[in-house]
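The listed protein sequences derive, respectively, from chains C, X and L.
Mapping to my numbering: the first sequence position 25 is 25, numbers consecutive.
Mapping to my numbering: the second sequence position 140 is 140, numbers consecutive.
Mapping to my numbering: the third sequence position 281 is 281, numbers consecutive.
There may be inaccurate statements among the hints.
Calculated cross-link-like contacts (lysine-lysine; reagent style DSSO-like; alpha-carbon spacing at most 30 Å) [as the list claims (entries may be wrong)]:
id, chain 1, residue 1, chain 2, residue 2
1, L, Lys-289, L, Lys-337
2, L, Lys-223, L, Lys-157
3, L, Lys-157, L, Lys-18
4, X, Lys-167, L, Lys-188
5, L, Lys-18, X, Lys-170
6, L, Lys-18, X, Lys-167
7, L, Lys-18, X, Lys-30
8, X, Lys-102, X, Lys-133
9, L, Lys-343, L, Lys-230
10, X, Lys-171, X, Lys-153
11, L, Lys-230, L, Lys-311
12, L, Lys-223, L, Lys-233
13, X, Lys-125, X, Lys-180
14, C, Lys-70, C, Lys-30
15, C, Lys-50, C, Lys-70
16, L, Lys-241, L, Lys-223
17, X, Lys-171, L, Lys-18
18, C, Lys-30, L, Lys-205
19, X, Lys-30, X, Lys-180
20, X, Lys-30, L, Lys-188
21, X, Lys-170, X, Lys-133
22, C, Lys-87, C, Lys-30
23, L, Lys-311, C, Lys-30
24, L, Lys-233, L, Lys-337
Chain L is faced by these chain C residues, among others (derived, beta-carbon under 10 Å) [what the hints assert, rightly or not]:
id, residue
25, Glu-10
26, Leu-17
27, Ile-23
28, Gly-26
29, Cys-82
No wet-lab data here; the hints were simulated from the structure.
Because the structure is a prediction, the values reported are computed rather than measured.
Quick reminder that beta carbons are idealized off the backbone N, C-alpha and C, glycines included.
The residues making up each chain are set out below.
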Amino acid sequence: MRTDVSQINESTPYMELTEGLQIYAGGTTKYFNTGEWRNNTPVFHEDKCKQCLLCAPVCPDSCIPVVDGKRGAFDLDHCKGCGICVKNCPFGALEMKEGVN
Amino acid sequence: MNDRIEIRWHGRGGQGAKTAALLLADVAFKIGKQVQGFPEYGPERMGAPITAYNRISDQVIRVHSNIYNPDYVVVVDETLLHTVDVTRGLNPAGAIIVNTCKTPEEIAPQVAPYNGKIVTIDARKISEEALGKYFPNSPMLAAVVAVTGIMPKDVFLNEMRASYEHKFAKKPEVIEGNMKALEMTFDAVENRR
Amino acid sequence: MAIRERMSGNEAVSYAIKQINPDVMPAFPITPSTEIPQMVSNYIANGEIDTEFIPVESEHSSMSAAIGAEAAGARSLTATSSAGLAFMWEELLLAASNRMPVALALVNRTLSGPLNINCDHTDGMGARDTGWIQIYAENNQEAYDNFIQAYPIAEHKDVRLPIMICQDGFITSHAVENILLLEDDVVKKFVGEYTPEEYLLQPGKPMAVGPYAVSNYVMEARKNQLIALKNAKQVILDVAKDFSEISGRSYGLFEEYRTQDADYIMVIMGSAAGTAKEAVDQMREEGHKVGVLKIRVFRPFPAEEIAEALKNARAVAIMDRAESYNGNGGVLGCEIKAGLFQKKYMVDTVNYIYGLGGRDFTVAHTMQIFHQLSDMVENGTEVEQYAYVGIRN
Numbered sequence: 001m002r003t004d005v006s007q008i009n010e011s012t013p014y015m016e017l018t019e020g021l022q023i024y025a026g027g028t029t030k031y032f033n034t035g036e037w038r039n040n041t042p043v044f045h046e047d048k049c050k051q052c053l054l055c056a057p058v059c060p061d062s063c064i065p066v067v068d069g070k071r072g073a074f075d076l077d078h079c080k081g082c083g084i085c086v087k088n089c090p091f092g093a094l095e096m097k098e099g100v101n
Numbered sequence: 001m002n003d004r005i006e007i008r009w010h011g012r013g014g015q016g017a018k019t020a021a022l023l024l025a026d027v028a029f030k031i032g033k034q035v036q037g038f039p040e041y042g043p044e045r046m047g048a049p050i051t052a053y054n055r056i057s058d059q060v061i062r063v064h065s066n067i068y069n070p071d072y073v074v075v076v077d078e079t080l081l082h083t084v085d086v087t088r089g090l091n092p093a094g095a096i097i098v099n100t101c102k103t104p105e106e107i108a109p110q111v112a113p114y115n116g117k118i119v120t121i122d123a124r125k126i127s128e129e130a131l132g133k134y135f136p137n138s139p140m141l142a143a144v145v146a147v148t149g150i151m152p153k154d155v156f157l158n159e160m161r162a163s164y165e166h167k168f169a170k171k172p173e174v175i176e177g178n179m180k181a182l183e184m185t186f187d188a189v190e191n192r193r
Numbered sequence: 001m002a003i004r005e006r007m008s009g010n011e012a013v014s015y016a017i018k019q020i021n022p023d024v025m026p027a028f029p030i031t032p033s034t035e036i037p038q039m040v041s042n043y044i045a046n047g048e049i050d051t052e053f054i055p056v057e058s059e060h061s062s063m064s065a066a067i068g069a070e071a072a073g074a075r076s077l078t079a080t081s082s083a084g085l086a087f088m089w090e091e092l093l094l095a096a097s098n099r100m101p102v103a104l105a106l107v108n109r110t111l112s113g114p115l116n117i118n119c120d121h122t123d124g125m126g127a128r129d130t131g132w133i134q135i136y137a138e139n140n141q142e143a144y145d146n147f148i149q150a151y152p153i154a155e156h157k158d159v160r161l162p163i164m165i166c167q168d169g170f171i172t173s174h175a176v177e178n179i180l181l182l183e184d185d186v187v188k189k190f191v192g193e194y195t196p197e198e199y200l201l202q203p204g205k206p207m208a209v210g211p212y213a214v215s216n217y218v219m220e221a222r223k224n225q226l227i228a229l230k231n232a233k234q235v236i237l238d239v240a241k242d243f244s245e246i247s248g249r250s251y252g253l254f255e256e257y258r259t260q261d262a263d264y265i266m267v268i269m270g271s272a273a274g275t276a277k278e279a280v281d282q283m284r285e286e287g288h289k290v291g292v293l294k295i296r297v298f299r300p301f302p303a304e305e306i307a308e309a310l311k312n313a314r315a316v317a318i319m320d321r322a323e324s325y326n327g328n329g330g331v332l333g334c335e336i337k338a339g340l341f342q343k344k345y346m347v348d349t350v351n352y353i354y355g356l357g358g359r360d361f362t363v364a365h366t367m368q369i370f371h372q373l374s375d376m377v378e379n380g381t382e383v384e385q386y387a388y389v390g391i392r393n
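Bound conformation, chain C alone (with noise of 0.2 Å):
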């Protein structure tokens, strides 16, 4: 039987945590919201953005979702604000700001 991970916390008794304490789901990194170590908060300006895509693929975090050829608004959950895509950014499109949000 898989046991449900959403049911194993940071208090869960040894009895019940998993052995080896493998992770019975997929893609389980979602549930963690990282976006709350952020410090700093990257800005997007789409009236300057030329879509050239630049700054998609250097996140670490993949928090710039590609949709039909265009980024979309930031994943604010998982960003953790190290600002590689502003300095990535040739347009000036994306800019830091100090702060969570």
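With chain C fixed as given, assemble chains X and L onto it according to the hints.
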């Protein structure tokens, strides 16, 4: 325990003393004996002196140590007589079997103070005559079987033929030569009795 | 019907592997275990088994690949010795903590220095705290039998831990001896197919293996791993019982040879146990009440059971074929003494270090040790508590 025969082989790396010890274990196994055949590894290099051992018994063999008081010693390379104390611990009621063209009388001073039985076998001559090449293994194996009396000649030859037929399935031309080498050695040893 | 054969320990283990036909074998050669991957490769090349052999560039990789294959759902194994095992050290812990029932044929050899290729238990003892099950063999027969029991133990749902099947380098691995083999179909049926419940290559059932764990998970994870290792004790006995039904050969956590009424007992592991038994038989004929306790299962360590088996002895010689450099004795010496103390059995013990780097251990050595024990107990003679057997001085 009393029926156990212990043999120590002295050779040089690459000459096949280990292989001969394993062949002896093999043939003794085939007649229903409990056997051990194992090498003692030193530098593991071509030409370096090596030692191999056999225990052959009707009882299960549990000991896993080297052999210090062999009943028989086999010297595959005569030059080892100068460098290795081949007769060390050798049972005086047993024998030393040396691959040489010399006679036992000529070898005796080289293995003194051991004064037990010495058997000499010219494995080179036999091998070259029977096989056209120098492979001391078969003659030395036959000599050991003949001297120790582990099994009668016909049983030995039958078992060896079967094993050669298996081993040399792709080179049947060498089977007869090897059989001839075994037979020549056996007869040479028996004639000297 | 058993098949009468004669083969070396390496041949015997390779033959067991052939009969089991595991899925994946990554391996890197090292003396004296090299023959095992070599022989298995031959079986594969001859089409006798369809094991996937992965030639890797190091033991670090062979164990990594074995873990990966196992995680993917394949029954995997490797073989190594000495420095090869040391080079796997990190992965040994990973295999155990990730609960991968990998099998490892360990052909015991010392570690440098001085550089030496021969037998002692330095490699196996070095891996004693890695969470692996370790089973030792006296001879080729036991190496073969233990390997056949390896997967049923390791893969058992209460265990799911990696297992090392150990035999003494050269002394067993390269010695041709008589052996009784089981038929292929008997082995196949006994070992069965590997059917893990969870594995990586299972469509629609994603999973992750070996995740990062913050401190709040680590002690709980280790506790679970320890429970699994302790469970192995019963599973090893159960599997041994099933094995005796197909083979007629019985195994326990350890073997007690003429110990029931023995005043003096030697505790020993590996090929030298046979030599010690021979000495016991000879001494019994002269009226000495001596016996041998041969450790088969080293991990999980049967400390309590051994303490029970030794409690009536007047003195015990504990034989270690490895130096532990703790300054207080060998691994077995320390663990057995701890077990006796825990049970409050105040039995006199003497710890001996023997057979390092292939140094021969003989019937005469065994007898000397028994005489030393009796001299200590009966005449009050001082005996060195932590002595090297046969050392030149």
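Results for each hint:
1. For the proposed pair Lys-289(L) and Lys-337(L), the alpha carbon gap of about 22 Å is at most 30 Å, so the pair holds.
2. Only pairs whose Cα atoms come within 30 Å are accepted, and Lys-223(L) paired with Lys-157(L) is accepted, the gap being roughly 16 Å.
3. Between Lys-157(L) and Lys-18(L) the alpha-carbon distance is near 24 Å, which keeps this suggested pair within the 30 Å criterion.
4. For the given pair, Lys-167(X) sits about 28 Å from Lys-188(L) by alpha-carbon distance, which is consistent with the 30 Å threshold.
5. Of the pairs offered as hints, the one joining Lys-18(L) and Lys-170(X) holds, with about 24 Å between alpha carbons and a cut-off of 30 Å not exceeded.
6. Distance restraint check for Lys-18(L) and Lys-167(X): the Cα-Cα separation of roughly 21 Å lies within the 30 Å cut-off, and the hinted pair is therefore satisfied.
7. A C-alpha spacing of about 23 Å is found between Lys-18(L) and Lys-30(X), which places the hinted pair at or below 30 Å, so the restraint holds.
8. A threshold of 30 Å between alpha carbons decides the hint, and for Lys-102(X) with Lys-133(X) the separation of about 20 Å falls inside it, so the pair holds.
9. At most 30 Å may separate the alpha-carbon atoms for a hinted pair to count; Lys-343(L) and Lys-230(L) meet this at roughly 18 Å.
10. The suggested pairing of Lys-171(X) with Lys-153(X) holds, with an alpha-carbon distance near 24 Å, which does not exceed 30 Å.
11. Of the pairs offered as hints, the one joining Lys-230(L) and Lys-311(L) holds, with about 23 Å between alpha carbons and a cut-off of 30 Å not exceeded.
12. Restraint check: the Cα-Cα separation between Lys-223(L) and Lys-233(L) comes to about 16 Å, which is no more than 30 Å; the hinted pair holds.
13. Annotation: proposed proximity of Lys-125(X) to Lys-180(X) holds, straight-line Cα distance about 12 Å (limit 30 Å).
14. Distance check on the hinted pair: Lys-70(C) and Lys-30(C) sit about 22 Å apart at the alpha-carbon level, within 30 Å; holds.
15. Distance hint between Lys-50(C) and Lys-70(C) is fulfilled; the C-alpha atoms sit about 9 Å from each other, no more than 30 Å.
16. About 28 Å separates the Cα atoms of Lys-241(L) and Lys-223(L), which keeps this hinted pair within 30 Å; it holds.
17. The hinted pair formed by Lys-171(X) and Lys-18(L) meets the criterion: a straight-line CA distance of about 27 Å does not exceed 30 Å.
18. Note on Lys-30(C) and Lys-205(L): the hinted pairing holds, with a Cα-Cα distance of about 17 Å set against a maximum of 30 Å.
19. Restraint check for Lys-30(X) and Lys-180(X): the C-alpha separation of about 21 Å stays at or below 30 Å, so the hint holds.
20. For the proposed pair Lys-30(X) and Lys-188(L), the alpha carbon gap of about 27 Å is at most 30 Å, so the pair holds.
21. Between Lys-170(X) and Lys-133(X), the direct Cα distance comes to roughly 18 Å. Compliance with the 30 Å bound is thereby established for this hinted pair.
22. Of the supplied pair hints, the one linking Lys-87(C) and Lys-30(C) holds, its CA atoms being roughly 25 Å apart against a limit of 30 Å.
23. Distance check on the hinted pair: Lys-311(L) and Lys-30(C) sit about 58 Å apart at the alpha-carbon level, beyond 30 Å; violated.
24. Restraint check for Lys-233(L) and Lys-337(L): satisfied, since their Cα atoms lie roughly 20 Å apart, inside the 30 Å limit.
25. Annotation: interface hint on Glu-10(C) holds; nearest CB of chain L at approximately 4 Å, less than 10 Å.
26. For Leu-17(C), the interface hint holds, since its Cβ comes within 10 Å of a Cβ in chain L; the closest pair sits about 5 Å apart.
27. For Ile-23(C), the suggested interface contact is upheld, since its CB lies about 4 Å from the closest CB of chain L, less than 10 Å.
28. Because the smallest distance between the Cβ of Gly-26(C) and any Cβ of chain L comes to about 3 Å, under 10 Å, the interface hint for this residue holds.
29. Violation of the interface hint for Cys-82(C) is found here, the shortest Cβ-Cβ separation to chain L being roughly 19 Å, above the 10 Å cut-off.
Comparing the model with each numbered hint stated earlier shows that hints 23, 29 do not hold.
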